Amino acid sequence: AQSVTQPDIHITVSEGASLELRCNYSYGATPYLFWYVQSPGQGLQLLLKYFSGDTLVQGIKGFEAEFKRSQSSFNLRKPSVHWSDAAEYFCAVPRMDSSYKLIFGSGTRLLVRP
Amino acid sequence: DVKVTQSSRYLVKRTGEKVFLECVQDMDHENMFWYRQDPGLGLRLIYFSYDVKMKEKGDIPEGYSVSREKKERFSLILESASTNQTSMYLCASSPARGTGELFFGEGSRLTVL
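Residue numbers (the numbering used here), protein chains in the order written: chain Z, 107 to 220; chain C, 46 to 158.
Do not rely on the hints blindly, as some may be mistaken.
Unchecked claim - Pulled from the structure, derived: some chain C residues nowhere near chain Z, Cβ distances all over 12 angstroms:
1) Gly61
2) Lys98
3) Arg118
4) Ser125
5) Asn129
Unchecked claim - What the simulated footprint calls covered on chain Z by chain C, stretch by stretch (three residues with Cβ under 8 angstroms from a Cβ of chain C suffice, anywhere in the stretch; the number is not a length):
6) 147–154
7) 200–212
By construction, these hints were calculated from the structure, which means they are not laboratory data. In this text, all values refer to a predicted model and were calculated from it rather than measured experimentally. Here a beta-carbon is modelled for each residue, glycine too, at the ideal position from N, C-alpha and C.
Same shape as in the complex, but just chain Z (with noise of 0.2 angstroms):
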């Protein structure tokens, strides 16, 4: 079955310091990617998406992602975190037999020490 995963639950860091987050996913082709960002109480907000081309993409509030096709992965990184950073990410990539219907992954909550 198609999948998204991210394997870390939570990650904490420290507020200046690099931050990865991970994302795997199955899927036949090529697909559209996307991560999302949720603060405490609020919906999700996109961050940035890869739909093709430069394998390196930007987004809002300094996050970049890159895919690797041949890990099938789609990391987002941010060189120097903010406190205002602590959040739920998600990763999500349209099924395979329905495009317009993400799969999100179950999430990884970021943390910012002081």
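Dock chain C against the given chain Z, drawing on the hints supplied.
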């Protein structure tokens, strides 16, 4: 600014009550979705609508129904609420010929006692 608005941010209901969760989008999107979010499970699709009066079951439709009488409005209905339906409910929309990118509301946190 484009917007998906969920009418209730927080609701507390009793077991057996009928519950309506309302969602309105102002982007003229054809597709609308209801997801349920639970810790450790991510987002699970309850129902999807691709046009007025059209709907499809998602992955966890049991205990839920939906209504889409107008393009901009998509309602989730819990006919007889149960405690295991305590959750965060997220509405989203997308254009018919899009890339799959979803636009989300702020969520409705439902507690069933």
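>> Output the indices of the hints that this structure fails to meet, ascending.
In response: none
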